[in-house]
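Q: Chains as they are written, first to last, in the working numbering: chain U, 56 to 311; chain H, 56 to 311.
In case anyone wonders, no lab produced these hints; they're calculated from the structure.
These figures come from a predicted structure and were not determined experimentally.
Keep in mind that the hints are not guaranteed to be accurate.
It does not matter which identical chain is used: a pair holds within one copy or between any two.
To be verified - Derived pair list, reagent style DMTMM-like, types lysine to aspartate or glutamate, alpha-carbon separation capped at 25 angstroms:
| hint | residue 1 | residue 2 |
| --- | --- | --- |
| 1 | K213 | E111 |
| 2 | K232 | D159 |
| 3 | K232 | E212 |
| 4 | K303 | D159 |
| 5 | K249 | E128 |
| 6 | K232 | D170 |
| 7 | K181 | D229 |
| 8 | K110 | D177 |
| 9 | K213 | D180 |
| 10 | K232 | E243 |
| 11 | K232 | E203 |
| 12 | K75 | E194 |
| 13 | K303 | D180 |
| 14 | K181 | E243 |
2 protein chains.
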Amino acid sequence: MRMRSGHFVMADEGWPGCAKSLKGVILDMCGVLYDSGEGDGVAIPGSIEAVRRLKESDLQLRFCTNETQATREKFVAKLQRLGFDISASEVFPPAPAAIAVLKDRSLRPHLLVHDGLLPEFDGVDKTNPNCVIIGDAAEYFSYQNLNEAFRVLIGLEKPVLFSLGQGKYYKETDGLKLDVGVYMKALEYACDLKAEVIGKPSPTFFQSVLNDMGLQSHEALMIGDDLLNDVGGAQHCGMKGVQVRTGKYRWPKETP
Amino acid sequence: MRMRSGHFVMADEGWPGCAKSLKGVILDMCGVLYDSGEGDGVAIPGSIEAVRRLKESDLQLRFCTNETQATREKFVAKLQRLGFDISASEVFPPAPAAIAVLKDRSLRPHLLVHDGLLPEFDGVDKTNPNCVIIGDAAEYFSYQNLNEAFRVLIGLEKPVLFSLGQGKYYKETDGLKLDVGVYMKALEYACDLKAEVIGKPSPTFFQSVLNDMGLQSHEALMIGDDLLNDVGGAQHCGMKGVQVRTGKYRWPKETP
């Protein structure tokens with residue numbers, strides 16, 4: 056698969072030799088399959104067909120996203136409405152991984168996340184919090200909400216901050232939007248700490264997807280629009296990484 | 056002057072020898088003279104008397120603040136209502152310094168500041184902005200406002216970000232509040248740039264106060280509650296720096 060003129064194009068020839076060992080593909084979603092925005096957003100031309108053809112191939116396929124504005128179920132339902140043949144079990148977002156970490160380390164979170172994500176944490180004990188989790192809260196990143204998260208952290212003897220991703224910004228249909236990473240940096244600076252990132256580009260996160268496919272890292276290819284979190288993160292784990300020129304990709308000299 | 060039990064106490068004896076060369080004192084304001092909060096906030100016990108006695112002494116006295124929630128005039132009026140004998144010409148906040156920089160470099164700002172500060176920029180051309188200025192906007196640091204500042208910056212060929220101070224947090228009567236520095240870090244990360252700080256601890260800023268007093272740095276003492284921006288900044292310029300234990304100072308093992 057390669058990209059031409061901002062669209063997905065299936066390549067029938069010209070694949071490099073390394074493609075012969077390829078057994079699985081991991082796709083980023085926002086900016087690769089669709090652009091988020093008003094309503095469900097819009098599918099990127101060629102991407103529905105690309106997913107269909109990958110599913111018909113011998114390659115395993117998974118979807119790896121830092122989406123944290125909705126539960127996995129609601130998020131997948133949106134993709135299905137846009138026309139994608141995707142099921143929830145194929146999709147790996149940060150929230151379920153975060154819940155596993157909380158359980159493993161007996162942590163009770165203060166949440167600064169989008170209202171749409173809250174149901175994922177319904178079964179989680181949030182009383183007397185001993186850590187903070189931030190996601191892509193977007194308009195919920197008010198001064199008051201960020202200050203509240205700060206006060207929880209600065210009041211802890213051993214402050215623990217989890218960030219569901221570390222992206223700088225993403226593209227919606229009406230322009231660029233600040234992502235969770237900038238608020239992670241804000242709280243890191245305020246509290247003199249280093250956040251633990253759950254989601255891309257965390258090696259643990261990529262490894263959980265590889266485990267689910269039963270593949271070694273060199274057998275998998277990651278395709279995304281974020282050079283650092285998709286391509287770099289994947290390469291850091293030993294996977295191949297490919298950047299598409301859709302989504303947040305900015306053509307040279309382009310101003311958004 | 057030294058601090059005891061969280062209050063200002065004038066010291067009549069026991070000053071170190073270096074005090075003999077002292078010709079001027081620069082006082083931080085919030086956390087040293089008063090705690091901000093509901094209404095005008097509250098004067099810190101002993102501070103009104105300390106300012107009075109300093110004025111009666113042979114020492115020159117200036118006030119150096121990173122306050123950016125109000126114009127200098129309104130800010131000084133508040134201090135006067137609290138009982139301080141302070142006039143506007145003795146007070147050095149970042150906004151007038153920023154306006155001088157804009158003029159010097161022919162820059163037109165996009166402002167992300169507190170509504171109370173806007174009148175300071177009344178005479179400044181803000182059309183077709185080619186830089187961004189952020190101040191302690193507090194509740195005006197909404198997601199939408201921060202995103203708007205981000206879009207201006209990322210759309211500039213040579214993005215320039217001025218931050219009116221770089222504080223992490225300050226203390227108000229109802230608790231700790233995030234300061235402009237955390238939003239500076241957020242935009243620095245989002246746009247891959249380094250902000251220019253106007254205000255403490257910028258050496259240029261301290262130098263302008265020394266110039267106004269007609270003193271060399273070794274002849275002046277800075278007193279503040281912020282170890283980095285008051286004490287460290289002053290020492291970096293060759294001044295003496297003293298930290299009070301009021302304001303944001305946190306006693307060992309104290310949780311706010």
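Q: If a hint holds in the structure, say so; if it doesn't, say that too.
A: Verification of the supplied hints:
Proximity of K213 to E111 under the C-alpha cut-off of 25 angstroms is found in neither arrangement, the shortest distances being 50 angstroms within a copy and 47 angstroms between copies. Taking the closest pair of Cα atoms, K232 and D159 never come within 25 angstroms of each other, the shortest separation being 33 angstroms inside a single copy and 32 angstroms across copies. For the identical chains of this complex, K232 and E212 are inter-copy neighbours only, at 19 angstroms across copies versus 34 angstroms inside a copy, given an alpha-carbon limit of 25 angstroms. Proximity of K303 to D159 under the C-alpha cut-off of 25 angstroms is found in neither arrangement, the shortest distances being 35 angstroms within a copy and 35 angstroms between copies.
With identical chains, the CA atoms of K249 and E128 are never at most 25 angstroms apart, being 31 angstroms at best within one copy and 40 angstroms at best between copies. In the homo-oligomer, the alpha carbons of K232 and D170 lie at most 25 angstroms apart both inside one protomer (17 angstroms) and across protomers (24 angstroms), since each shortest distance falls under that limit. For the homomeric pair K181 and D229, the shortest alpha-carbon distance between copies (24 angstroms) is at most 25 angstroms, but the shortest distance inside one copy (35 angstroms) is not. In the homo-oligomer, the alpha carbons of K110 and D177 never lie at most 25 angstroms apart, since the shortest distance is 33 angstroms inside one protomer and 61 angstroms across protomers.
For the identical chains of this complex, K213 and D180 are intra-copy neighbours only, at 19 angstroms inside a copy versus 47 angstroms across copies, given an alpha-carbon limit of 25 angstroms. Taking identical chains as interchangeable, the C-alpha atoms of K232 and E243 lie at most 25 angstroms apart whether they share a chain (20 angstroms) or sit on different chains (15 angstroms). In the homo-oligomer, the alpha carbons of K232 and E203 lie at most 25 angstroms apart both inside one protomer (22 angstroms) and across protomers (9 angstroms), since each shortest distance falls under that limit. Taking the closest pair of Cα atoms, K75 and E194 never come within 25 angstroms of each other, the shortest separation being 45 angstroms inside a single copy and 55 angstroms across copies.
In this assembly of identical chains, the alpha carbons of K303 and D180 never lie at most 25 angstroms apart, being 36 angstroms within a copy and 32 angstroms across copies at closest. Taking CA atoms no more than 25 angstroms apart as the test, K181 paired with E243 passes inside one copy only; the shortest distance there is 22 angstroms, against 32 angstroms between copies.
Violated hints for the displayed structure, listed by number in ascending order: 1, 2, 4, 5, 8, 12, 13.
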